[in-house]
Amino acid sequence: MTVTDEPVVAVRGVTRRFNDVVALDDVSLDIAPGELVGLLGPNGAGKSTLLSLVSGQRKPDSGVVRLCGQDPRLASARATLGLTPQETGLPATLKVREVVDFVAGHYPDPVRTPVLLEQFGLADLAGRQTGGLSGGQRRRLAVALSLVGRPSIILLDEPTTGLDVAGRQTLWAAIREYHASGGTVLLTSHYLEEVQALAHRVVVIDEGVVRADDTMEQILERVGLRRVVLHTTGLPAPDAVPARLTGVVRASQEGDRYELYTPDADALVREIVTSGLVFHGLEVRGATLEEAFEQMVTHPAADLHRRSAPADPPAADPAPSPSHRVNQDGAR
Amino acid sequence: MTSTVTPSAVSLTWLHLKYQFLETVRVPIAVLGNLLFPALAMFFFVVPQEEVAGDPVMATMAVASLGLFAICSASLFTYGLGVAEDRGLPFDPFVRSLPAGPTPRMVARVLNGAIFSLFGVVPLVLIGWLFTDATVTGRQLLTGIVVLLVVSVPFVLLGMAIGYSLSAKAALPVVQVILFPLAFADGLFMPPMFFPDWLAVISQATPTRAGRDLLVGALTGEPVYALAWPVLLAWTALLAALAVVAYRRDEGRRFR
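Quick note, the sequences are listed as chains A and B, same order.
Numbering of the first sequence is given in the working numbering, commencing with residue 1 and proceeding in unit increments.
Numbering of the second sequence is given in the working numbering, commencing with residue 333 and proceeding in unit increments.
Looking at chain A on its own, in the form it has when it is part of the complex (with noise of 0.2 Å):
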């Protein structure tokens, strides 16, 4: 990842219309050799239109989209770049076998079928019409599909939508091992942990613009907000600790126990401590990406030229569940 690697994907002042919508507003990015960027934005921010230009489906109004240097609208800058179908949309009739091949078949350098389907997990359904794979298998073959020329770069649309634990751990697994192997993955996802989990770098994009764009720690500290959780029968209700412990800006509780942001969870301890509260199983935590994520986002207003379904409400729920999602609707 050195400043003098040109750059695998490339997108300079960009803008893209639909009508009078504005998808795209003059959004710039680079994505360097090995990167994992995740790519977060309610729907309709924009997200689905960037991948498009970056795969050659689409040209921008305006600004120049590079894949390895070359425009993505030419089938040979293509042979670099790694795509996943929608499960929904693989041939019913074509066997798993078959559409590994003819995929692989558009590639100089392919991967062998049988080796792809043994890493996936998916050697044994190699005779199986994809008709009649269930969910979980046509997703791992989805992402199989990406892989199977050798690309410097793979985009992943919500690879793991609609999959259970295990598979996707299994997933997660096999682009951990892509990236390491020297990969570049830009990823869009509506699980907020998935991207949590696999991202080195990423990009918060909402009403066509790139709102953020760092490393998950920085972006993660932007927040600015610590966790700290207590148990205790010493406080008084979340609306009344704010007053009663001064570096508190906001809380919750259930039971006994407390979470409690501050923006100095150092001095809040101190606080604490010294005010004689007792307690027990004190922790302190970062924000999550979700927390982040929603104060980046949310919306000053209903914009009436947008159709992006509004971010869920925030702080309604402070532990989020690992599923929780950052859309109700998750169709394109």
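Don't read these hints as lab results, they were simulated from the structure.
It is possible that part of the hints are untrue.
Claimed, not checked - 30 Å max Cα-Cα, derived DSSO-like pairs, lysine-lysine:
#, chain 1, residue 1, chain 2, residue 2
1, A, K95, B, K350
2, A, K95, B, K501
3, B, K501, B, K350
Said to hold, decoys possible - Simulated DEER-style distance windows between Cβ atoms:
#, chain 1, residue 1, chain 2, residue 2, range
4, A, N19, B, V454, 45 to 53 Å
5, A, G131, B, V457, 54 to 62 Å
6, B, F463, A, G127, 36 to 44 Å
7, A, R112, B, L458, 39 to 47 Å
8, B, L531, A, G131, 42 to 50 Å
9, A, S76, B, P528, 56 to 64 Å
10, A, R112, B, V576, 49 to 57 Å
Yeah, the Cβ is synthetic: ideal placement off N, Cα and C, and Gly gets one too.
Assemble the complex: chain A is given as a structure, and chain B must be docked to it using the hints.
Leaving out everything else, chain B in the frame of chain A:
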């Protein structure tokens, strides 16, 4: 990247043809429909009529008429409906983003359609040979097949124009509505020599009538009206332009 060369246009076309063929044959009823309909028409309308089946020229003409109808219907359905359905599938944008231009896929589509069109003609030739007095020399048969393939081009293009313009649901009735008058002009329901004069003139301007007469000419040596080739080529040019416009508009709508 690697020292290996990228796949050539020929190997990409072969790749697309192979898997399009596989996708088509895996739905056997669609293939059978193509084979059965002209064969059944032959049994119902030609074989029982002694004056047609027993006359070498008339019987050969009947085989040619039905053969042309088989090609026409296979082309319109395969391309009109097939393309419209493909466009509706989420796999379509994925295939478009693979490192190959649109050409291998389009060429493979035309070849795949030609293969299944010829399948449809096989039972007709067999029935004509076994159950009627239709006769051709080997050379006439070969010429006939070549003419048949050339004649199929405007229908392939018409099918593509429909497929790239309409959704699968809209394409089905449109194909059926277009097929009926074309089949009539081909002489499927009434041999063209029994047409009243005004209808004969109109029918000679249709691609089906031009194609039928050219085919009959190739198979029997009967004279063909002078404008048959110009009419067929003009339709081919017009429908090619329509197909290209429809493809571009579809690109514009979905891949702007």
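Next on the checklist: Are any of the numbered hints broken by this structure? If so, which, sorted upward?
Outcome noted: As far as the earlier hints go, 5, 10 are violated by this structure, in ascending order.
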